[in-house]
Amino acid sequence: MIEIAHLHHRFGNRVVLEDLCLAVPDGQCYGILGPNGSGKSTLIHLLATILPVQSGTVKVAGYELPRQADGVRRSIGVVFQTNTLDKKLTVMENLELQGHLYGLRGEALRRRIEELCERLGLTDRPNELVQTLSGGLRRRVELAKALLHQPRVLLLDEACSNLDPAARRSWLDYLFELKEQLQLTVILATHLLDEAERCDQLVLLHRGRIVLQGTPASLKRRVSGDVVMVESAAPAALAETLQARFGLAPQLVDGMVRVEVPEGHRLVPQLVEAFPGHIQAVHVRKPTLEDVFLRETGVQLC
Amino acid sequence: MLSRPFWIPLVALIRQQLLHLWRDRNRVLSFTAFPLLFWLVVGSGFGDLGRFYSGALTLALVFSAALSAMSVIEERDQGVLLSALASPSSRLAIVVGKVLGSGLVAWVQGVLLLVFLPVAGLHPAAAHIVGVLALLLLVALACAAAGFLLAWQSGSAHGFHALVNLVFFPLWMLSGTLFEVNQAHSWVKVLSLLNPLTYPTQALKLLLASATPSDNILWTGYGVPGILALGLIGAGASLLHKRSSRGLA
Chain A
1 MIEIAHLHHR FGNRVVLEDL CLAVPDGQCY GILGPNGSGK STLIHLLATI LPVQSGTVKV
61 AGYELPRQAD GVRRSIGVVF QTNTLDKKLT VMENLELQGH LYGLRGEALR RRIEELCERL
121 GLTDRPNELV QTLSGGLRRR VELAKALLHQ PRVLLLDEAC SNLDPAARRS WLDYLFELKE
181 QLQLTVILAT HLLDEAERCD QLVLLHRGRI VLQGTPASLK RRVSGDVVMV ESAAPAALAE
241 TLQARFGLAP QLVDGMVRVE VPEGHRLVPQ LVEAFPGHIQ AVHVRKPTLE DVFLRETGVQ
301 LC
Chain B
1 MLSRPFWIPL VALIRQQLLH LWRDRNRVLS FTAFPLLFWL VVGSGFGDLG RFYSGALTLA
61 LVFSAALSAM SVIEERDQGV LLSALASPSS RLAIVVGKVL GSGLVAWVQG VLLLVFLPVA
121 GLHPAAAHIV GVLALLLLVA LACAAAGFLL AWQSGSAHGF HALVNLVFFP LWMLSGTLFE
181 VNQAHSWVKV LSLLNPLTYP TQALKLLLAS ATPSDNILWT GYGVPGILAL GLIGAGASLL
241 HKRSSRGLA
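Sequence lines, in order, name chains A and B.
Here the first sequence is numbered in the working numbering, starting from 1 and rising by one per residue.
Here the second sequence is numbered in the working numbering, starting from 1 and rising by one per residue.
It is possible that part of the hints are untrue.
Stated by the list, open to error - List time: in silico DSBU-like cross-link candidates among lysine-lysine, alpha-carbon distance up to 35 Å: (1) A:Lys88 x B:Lys242; (2) A:Lys179 x A:Lys59; (3) B:Lys242 x A:Lys87; (4) B:Lys242 x A:Lys59; (5) B:Lys242 x A:Lys179.
None of these hints come from the bench; they were simulated from the model.
Predicted model only: the values in this text are computed from it and were never measured.
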């Protein structure tokens, strides 16, 4: 459904995407996971035809950019990170305007709006001004907007990053239900783990390059055992000693010492005994995608 | 080849701005306060309200059209314009829709000021009023198109404000609203003759005074803003094709 080969993009002298190759099959949800500045938004804006392709080939639903941009535009729905709703208009007026941009009108457009409002729990909202809606509802209207013209591909650029966790979970439930019902191919750019976990495949993007790709489960298996996080007043000194005495490979993350070990619970008493009075807290947990990203790139997701 | 929707998005974008005008009518009405104040204070100061009336009309048009184009800055990066750019709508339809919408909003504000015609001591015939309405519409469209172009290329609303003051205010001052171009110092006269706003202003003054402008004044009065609007709309559509690649990561 989406084929990207040797895609390069730069802003001035700054390389934003470098030799990016990616193939997304029909009906799959691919998450593009990376911190701010990794090139996620640029990739979405290129696929959305907002930015011109500078080098490489991009095909969406069989249409090639830039030659067949109109075909691509008809095949994609986009939910941008920023608001694209007109706050002075009602939900219905916003959806009508979006439909008109695709040449839709009359009964066909009205039916489509009704159907989407029903699917997205917006049936009692059509005449409300967007400026009176909560953030979660606005995002649902954005999703309805993106699906109005029945696209085959949905592009999401940090689409629910600004929502609180509960609203985000609800929004993601709507999204993945619609993905199944409408058999959509989804590209979801995010730096949030709960979004990433729900994707079929994940692409880890760092400084414009793909560093790793796989299912969320297969990626997490790359970090074996447990992750132990140690809080201390002198984390740097602690990390040095841990390396020397225990032969571990500690990292300093957010002012804490982080180590990966096969059995975290066995390390805890040894640490407390070895550094009496120097340890403020110890956390043991299973690896997350954040740990995978950190291991592969040396930087955190957020 | 797939067809690009043209008329439906064009009308939808005009409707969007007319809905803004209706929902924000108090704010829009307040935009006419400054030209009205200028006219009342300067006209009364010179003891001739009729003399500065055309200046108040063009002032309302120029600034309203330019400032209503300011929404382009926000909508370009986050808003309806961003959605429009990702849609298959014709780029020309997007520009024409935005310019016609902004132009109509400005025109309505100019037309509202026409209620003060009798206070200014001006009593043009019905045919002259029709001519004035058409002239005001062309000037509003040309200013809206110029506003769109400047707004599209501006980095921020602050920068755009500065541009409006640097470009539109001098154009208005040199259009013959404050003085007679023929009696001005030679360098001012040259600048005024280069100013596209001079020609419709000249025709407007004559129409408001119920005088019959010469063919030459009519042609230039209607033709200059008309051609300018068309040219600027074309330039705007071409700019949308080459959206700059800045600021994303």
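Against the structure, the hints:
Of the pairs offered as hints, the one joining Lys88 of chain A and Lys242 of chain B holds, with about 29 Å between alpha carbons and a cut-off of 35 Å not exceeded. Restraint check: the Cα-Cα separation between Lys179 of chain A and Lys59 of chain A comes to about 21 Å, which is no more than 35 Å; the hinted pair holds. Between Lys242 of chain B and Lys87 of chain A, the direct Cα distance comes to roughly 28 Å. Compliance with the 35 Å bound is thereby established for this hinted pair. With a C-alpha separation of about 20 Å, the suggested pair Lys242 of chain B and Lys59 of chain A falls inside the 35 Å cut-off, and the hint holds.
For a cut-off of 35 Å, the pair hint linking Lys242 of chain B to Lys179 of chain A stands: about 33 Å separates their Cα positions.
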